[in-house]
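Asks: The chain contents come next:
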Amino acid sequence: MSLVVVDASPFGLLVLALLVGVSVTPVGVCAIWAGFKGMSRDWLEFCFIPVGIGFCSLGVVAIGFAGKNLLPKFEAPSLTLSVSPLLLGESFHVEMSQRIKRDADVNSVSVRLICREWIKTGSGDSESVETHVVHCVKQALDVAGRVSRSDTIRGKLQFQIPENAMHSFEASSHRIDWVIDVRADVAKWLDYTWQFKLNVAARSAKSEDD
Amino acid sequence: MATPGLQIDLDAGPWGQPELADHRLPGGTISGRVRVTASEPIECRALVITVGWRIEGSGRKHSETVQGRTLYQGMIDGSKMEYPFSFRLPDGPISYGGHLFGIHWEVQVQLGLAWKVDPKATRKFCLSIPGQH
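Taken in order, these protein sequences are the chains called A and B.
Mapping to my numbering: the first sequence position 95 is 102, numbers consecutive.
Mapping to my numbering: the second sequence position 98 is 110, numbers consecutive.
Keep in mind the hints are simulated off the structure, nothing from the lab.
Among the hints, a few may not be true.
Stated by the list, open to error - Quick list of the computed label-pair ranges, beta carbon to beta carbon:
(1) 206/A to 92/B: 41 to 49 angstroms
(2) 73/B to 142/A: 22 to 30 angstroms
(3) 171/A to 77/B: 23 to 31 angstroms
(4) 15/B to 206/A: 44 to 52 angstroms
(5) 80/B to 100/A: 41 to 49 angstroms
(6) 73/B to 146/A: 32 to 40 angstroms
(7) 102/A to 77/B: 39 to 47 angstroms
(8) 202/A to 21/B: 41 to 49 angstroms
(9) 202/A to 55/B: 57 to 65 angstroms
(10) 21/B to 149/A: 57 to 65 angstroms
Unchecked claim - Covered by chain A, per the in silico footprint, the following chain B stretches (three or more residues, Cβ under 8 angstroms):
(11) 64-71
(12) 111-120
To be verified - Selected chain B positions facing chain A (Cβ under 8 angstroms, derived; list incomplete):
(13) 38
(14) 39
(15) 74
(16) 103
(17) 104
(18) 105
(19) 106
(20) 108
(21) 141
As the structure is a computational prediction, the values presented were derived from the model and not from experiment.
From the three backbone atoms N, C-alpha and C, an ideal C-beta is built for every residue, glycine too.
The following block holds chain A by itself, in its conformation from the complex (with noise of 0.2 angstroms):
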């Protein structure tokens, strides 16, 4: 049965009510347009329109239900790191609040340092990206259980970009991107993810003498 679907979390709700409101809608706007036509043959005919109305009405409800809890429940969070630009080596803190737009279930938020190298390969319709995470280090904020509508969630955490790593590089087809990465994960919900792209920086002689 359903059932399952229903109760294994609301994202299954979701889904199901898109699933409803996708497949309803359109048969009954068939409906309608069937009664239209067949009303002058047949007044039996005329009643597809109210079944018809019905059944729109059902799928419109259902889209709209699904549409409301796909919006996000947090707003993009909001970073600011103690230096900038940072340097290959070097420590630094991230502080990050965030504002709750919707009540929700938290399990945790968690800040995560990532090198990443890109690469383009091909060119034309055979054009792809390929990526490797190079380094990647994961924190978590303090925050967890019930958080309502505009509550903040607030957090400092501590990084090091190791000292044997590679700087921010970018050519045509090659890059080392920083990023610090946020990803809320709500209790049966999808992972709510953003990234800020950080620019680290290399460490030249004039700086070593300083």
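Since the structure of chain A is provided, determine the placement of chain B on it from the hints.
Replies: Frame of chain A, contents of chain B only:
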């Protein structure tokens, strides 16, 4: 006429250890000499030296020259000649050996000859601070 020989010798770097002989500091300098050996006099259109980096590995090829200079133009007699050079290096990109691609620095020298294939020589070096790569 035999093809002239080209050789690039780098001066000692900022560190004494033999394993760091080919390392140079970002923002520092690289210097050395280009040795040209010819068994007979040759007319040199241009002895050009460049310093740059190139990307090796997956993806499209890419290279950039960051410094370059003509060291000599004219006759080279049938002996061994040396041409010193010195360049200031940029802060980056530093040398990198990654999973998908690598960045390699090199000094390249090319001897322009009339009616002959231009001989070339390349000397790789590592632009980094010890402890990095």
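Asks: State, for the Cβ atoms of residue 21/B and residue 149/A, whether the hinted interval 57 to 65 angstroms holds or is violated.
Replies: holds, 59 angstroms
Asks: Does 44 to 52 angstroms hold as the CB distance between residue 15/B and residue 206/A, or does it fail?
Replies: Once the Cβ atoms are compared, 47 angstroms apart, the range 44 to 52 angstroms for residue 206/A and residue 15/B holds.
Asks: Can the suggested window of 41 to 49 angstroms be confirmed for the beta-carbon pair residue 206/A and residue 92/B?
Replies: Given a distance of about 48 angstroms, which is inside 41 to 49 angstroms, the answer is holds.
Asks: A closest beta-carbon separation below 8 angstroms is what the hint needs, so does residue 103/B meet it against chain A?
Replies: holds, 4 angstroms
Asks: Does the Cβ pair residue 73/B, residue 146/A satisfy 32 to 40 angstroms?
Replies: holds, 38 angstroms
Asks: Can you take a look at whether the region 64-71 of chain B is actually covered by chain A? Rule is 3+ residues, C-beta closer than 8 angstroms.
Replies: Coverage by chain A holds here, the residue count being 4 at a Cβ distance below 8 angstroms.
Asks: Let's test the interface hint: is any C-beta of chain A closer than 8 angstroms to that of residue 38/B?
Replies: OK, holds: residue 38/B within 8 angstroms of chain A, min 5 angstroms.
Asks: The hint names residue 141/B as touching chain A; please verify it with the least Cβ-Cβ distance against 8 angstroms.
Replies: holds, 6 angstroms
Asks: Using the beta carbons of residue 202/A and residue 21/B, state whether their distance is inside 41 to 49 angstroms or not.
Replies: holds, 47 angstroms
Asks: At the C-beta level, are residue 80/B and residue 100/A separated by a distance inside 41 to 49 angstroms?
Replies: holds, 43 angstroms
Asks: Holds or violated: 57 to 65 angstroms for the Cβ distance of residue 202/A and residue 55/B?
Replies: holds, 59 angstroms
Asks: Within the assertion that chain A covers the region 111-120 of chain B, do at least three residues meet a Cβ-to-Cβ distance smaller than 8 angstroms?
Replies: n = 4 at 8 angstroms, threshold three: holds.
Of the numbered hints listed earlier, not one is contradicted by the structure.
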